[in-house]
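In terms of numbering that gives the first Met the number 0, the sequence shown opens at residue 0 and continues consecutively.
I should point out that these hints are in silico values taken from the structure, not numbers from a laboratory.
It should be emphasised that the depicted structure is a prediction, and the values quoted were computed from it without experimental measurement.
All C-beta atoms, glycine included, are put in the ideal place defined by N, C-alpha and C.
Heads up, a few of these hints could be off.
Said to hold, decoys possible - Listed next, with one range per pair, are the computed distances between beta-carbon atoms: (1) 223 / 350: 50 to 56 angstroms; (2) 333 / 216: 44 to 50 angstroms; (3) 270 / 51: 27 to 33 angstroms; (4) 330 / 112: 43 to 49 angstroms; (5) 267 / 61: 52 to 58 angstroms.
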Amino acid sequence: MKNNAAVPPDTIPPPPDPQTENSSDPTAPPLAVRIVRGGATVALTSYWLFGFGFAANLILTRLLTPADFGIFALATFFYSLLNLRPKLGIDQAFAQHPRTDAAASGTFAALSLGAGLATLALTLLAAPLLLFFHYEAPIVIALLVLAGIGVSDSIMGIAWVQLDKALLFTRVNLVTAIAFPLAYLPTFYLALNGGGYWALLAQNALYALLLLGGLWFTARRALPEIWRARWFFSKTLARQFLRFGIFVGLATIFGTLIYQFDNFLVGTFVGVDTLGYYDRAYRIAQWSSILVGSVLMRTVFYAYSRLQNDMPRLTKTAAMSLWIVTTFAVPIALAIFVSADELILFLFGAKWLPSAIFLRFLVIYSVLRPLLDDANSLFIAVGQPRRTTLVTVIQAIVIVSVATPLTLRWNAIGAAIGVGVTFAAGLVVTYYFVRRTLPALDLREIFLLP
Numbered sequence: 000m001k002n003n004a005a006v007p008p009d010t011i012p013p014p015p016d017p018q019t020e021n022s023s024d025p026t027a028p029p030l031a032v033r034i035v036r037g038g039a040t041v042a043l044t045s046y047w048l049f050g051f052g053f054a055a056n057l058i059l060t061r062l063l064t065p066a067d068f069g070i071f072a073l074a075t076f077f078y079s080l081l082n083l084r085p086k087l088g089i090d091q092a093f094a095q096h097p098r099t100d101a102a103a104s105g106t107f108a109a110l111s112l113g114a115g116l117a118t119l120a121l122t123l124l125a126a127p128l129l130l131f132f133h134y135e136a137p138i139v140i141a142l143l144v145l146a147g148i149g150v151s152d153s154i155m156g157i158a159w160v161q162l163d164k165a166l167l168f169t170r171v172n173l174v175t176a177i178a179f180p181l182a183y184l185p186t187f188y189l190a191l192n193g194g195g196y197w198a199l200l201a202q203n204a205l206y207a208l209l210l211l212g213g214l215w216f217t218a219r220r221a222l223p224e225i226w227r228a229r230w231f232f233s234k235t236l237a238r239q240f241l242r243f244g245i246f247v248g249l250a251t252i253f254g255t256l257i258y259q260f261d262n263f264l265v266g267t268f269v270g271v272d273t274l275g276y277y278d279r280a281y282r283i284a285q286w287s288s289i290l291v292g293s294v295l296m297r298t299v300f301y302a303y304s305r306l307q308n309d310m311p312r313l314t315k316t317a318a319m320s321l322w323i324v325t326t327f328a329v330p331i332a333l334a335i336f337v338s339a340d341e342l343i344l345f346l347f348g349a350k351w352l353p354s355a356i357f358l359r360f361l362v363i364y365s366v367l368r369p370l371l372d373d374a375n376s377l378f379i380a381v382g383q384p385r386r387t388t389l390v391t392v393i394q395a396i397v398i399v400s401v402a403t404p405l406t407l408r409w410n411a412i413g414a415a416i417g418v419g420v421t422f423a424a425g426l427v428v429t430y431y432f433v434r435r436t437l438p439a440l441d442l443r444e445i446f447l448l449p
């Protein structure tokens, strides 16, 4: 993800496991009840993570320098580029697989750990190249640390996906809600004692370790029948998982460009200090996406899925979802635009005022991102994921071709303009597909009328 707070990514939860839905356990709650209950805990946990992370980052921003955040942001971009695990799509492939037996679990575990180790090896090979191209040593060091953390994540993810596949969202959310604030303890200590960017790395490292221990402990207690089985690796299943995951992986690759290529441009062609200012502005621009999109998207995904064969009700649900997004996202964006200087001064202090100009240019992102997320949920829920992939590819092409010359011409402001153009182009293509999916949806009525 783009930021330094290690909040679980805003992804659509995996579809329910048929084994879970047809469970023979008479004491198990109905599937719908479990989904609603899980959705409520997802919402509460998301807001808790956002609230605590927001407060913690206010403190860190006053303690650390722009260069510290810039180093971390650029290292995160390179790690996201090299990280093989999300690009293989194995989490989603295992989640949609109809069985959770020894073969499926063993194959998934082997692929997950293998991807983490392969990423570490690839990072070790890339490190000398980055030094050759005159990237600062702290950036390379931070990248290597993130790759090491990634190995822990590849092991942790085995338990996380098993729990999610069993619809045990509440237990996962409890672990994350406890681990996240605890992970900031060494971060504050290092920040107060001149630790610089190591404070940000420490938060990510401890959070990963706490999740590793907490989720494995939870999974072994909650799903004992899975762990009693003798897992084994199946080449046939591995090929099946990888074939399924390649489409997810392609979308992930292009998604990395969309959400982090501007970091690369600013950090490479302008400098890590400016990237630090830019990164803080981007964090504020994400408020509407976090407050409106992250919870709403998980909720509407299941609604869209259940109504995909009922076109009138699906259209009405989509219209209501879009209305909610625009009703909340637009006022938030306008408030941020008008009060950018005062907001930066109040939140971060005078030394961060250079972030205000970037924030004003990034406001368009804060409006368009939730709209795109809502449409992507619709496409995936009704079985049209290729439309999401196509939009992602178009956006990636736009940000590379447009933001690069703009950054070379106008530095970080050019990068921010490029982000706005990218999401505007994505919105046009996305809602062309939305109209083809829902012909009766009146977009002019939703977007133009009060």
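Evaluated hints:
no.	hint	in the structure
1	223 / 350: 50 to 56 angstroms	53 angstroms, holds
2	333 / 216: 44 to 50 angstroms	46 angstroms, holds
3	270 / 51: 27 to 33 angstroms	31 angstroms, holds
4	330 / 112: 43 to 49 angstroms	46 angstroms, holds
5	267 / 61: 52 to 58 angstroms	27 angstroms, violated
This entry does not satisfy hint 5, going by the numbered hints stated previously; all others are met.
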